[in-house]
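Undergrad: Work out the full structure, taking the sequences as your base and the hints as a guide.
Going by my numbering, the first residue of the sequence shown is number 55, and it counts up by one from there.
Hints in this document: simulated from the structure, not taken from any laboratory. A hint or two may mislead.
Said to hold, decoys possible - Beta-carbon label-pair distances, calculated as ranges:
| id | residue 1 | residue 2 | range |
| --- | --- | --- | --- |
| 1 | L220 | R255 | 47 to 53 Å |
| 2 | L220 | Q146 | 32 to 38 Å |
| 3 | P306 | H203 | 36 to 42 Å |
Beta carbons are placed, not taken as given, at the ideal position from N, Cα and C, and that holds for glycine.
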Amino acid sequence: MFSSEGPRRKNIVCVVGTRPEAIKTAPIVRALREQPWARCRLVFTAQHRDLAGPIFDLFGIHPDVDLNVMRPGQSLPDLSNRLLVAVHETLQRERPDCVIAQGDTTTVLAAALASYMIGAPFAHVEAGLRTHRLDAPFPEEANRVAASHLASIHFAPTPDARDNLLREGIAPEAIHLTGNTGIDALHFAAERESPLGVGPRPGARFVLVTVHRRENLGEPLRRICEGVRRLHDRHPDLEFLWPVHPNPGVEPVVRGEFEGLGRVHLVRPLEYGPFVTAMKRAAVILSDSGGVQEEATELRTPVLVLREISEREEAVRSGVARLVGHDPDAIEREGSRCLADGPDPVRPALLGSATPFGDGRAAARIASILHRKLHVESEATVGV
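TA: Put into structure tokens, the structure is as follows:
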């Protein structure tokens with residue numbers, strides 16, 4: 055346990071697969087790599103290789119292990135199998151004192167299962183988010199519920215998330231209220247003020263649109279496009295910036311609907327810095343992203359949530375987020391209502407108020423808690 059140079063550094067493995075996970079895990083990796091007691095290794099499953107790479111560059115962190123699990127045409131069961139085997143083999147080699155994963159993707163479930171299989175503590179970041187419907191979002195709700203019951207350390211971003219875990223029987227001493235690391239990342243990017251570089255004319259009022267969720271593919275996406283087109287036709291001075299997700303169920307549909315419309319700017323997914331700039335400048339955001347709900351609330355930019363239900367009720371209660379689903383009438387009505395309220399319909403009322411997702415210091419809290427859990431408390435048990 056101890057060397058001649060002092061206590062052994064704790065080996066912590068962070069597992070990341072997607073762009074949102076890279077964004078929200080990066081502050082933790084940076085915080086842990088500053089700690090003299092920790093050796094932090096970053097494992098990348100590459101679910102979002104092209105989208106996550108620029109995130110690593112922005113935050114100055116790079117994977118120590120690249121699992122490269124993605125294959126063309128891979129089904130969800132195939133991906134799940136490849137992830138579990140690859141993460142399990144990696145953890146066996148790394149022999150971690152703790153494994154960390156953030157969120158609710160298949161990468162997170164694989165990390166939780168693999169940690170359980172090798173007997174390593176699993177720490178779940180952004181624990182306790184719930185819609186209480188296993189099909190919404192699919193498969194993320196099932197992933198995060200399962201991860202919660204495999205984790206031994208739960209980093210809950212909000213009191214609502216903590217209360218969800220308590221209702222599910224998670225021990226109170228295993229739950230730690232930290233705030234959301236996405237707000238840490240947002241502050242990091244916002245301080246650097248990346249130029250937008252694409253899309254609307256300078257000074258133009260615009261709507262930012264993002265769609266990517268599996269449950270919005272097919273007919274729901276076509277209905278969302280109809281709602282966007284109605285907003286476009288109703289507001290002739292309004293421009294639209296749509297970073298189009300490369301999913302084959304998304305890109306052909308969106309480009310087929312809007313290619314050639316001068317006020318609709320269809321662009322490749324933005325790097326995180328420019329995307330934060332777009333969120334800050336947008337008059338309204340239309341999105342099915344969970345992270346965008348948090349970021350928009352912090353930035354006080356109105357967001358219409360393109361889902362029927364949200365696991366981030368705090369954003370809805372704050373007044374920044376409004377649920378519109380994929381109903382064209384609701385998209386047109388609520389979008390027009392936000393636009394009619396003026397250039398900054400929500401921000402003046404919220405300026406100076408605390409936002410529900412944290413203060414930008416979640417990663418520092420997580421590092422401190424891990425030090426206590428893994429170093430101080432574990433050393434105290436030696437000889438017991």
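Undergrad: The structure should be examined with respect to each hint, and the outcome stated for every one.
TA: Verification of the supplied hints:
1. L220 with R255: 47 to 53 Å: holds, 50 Å
2. L220 with Q146: 32 to 38 Å: Since the Cβ atoms of L220 and Q146 sit about 33 Å apart, the hinted range of 32 to 38 Å holds.
3. P306 with H203: 36 to 42 Å: Taking Cβ atoms as reference, P306 and H203 lie about 39 Å apart, which means the hint holds.
Taken one by one, the earlier hints all hold for this structure without exception.
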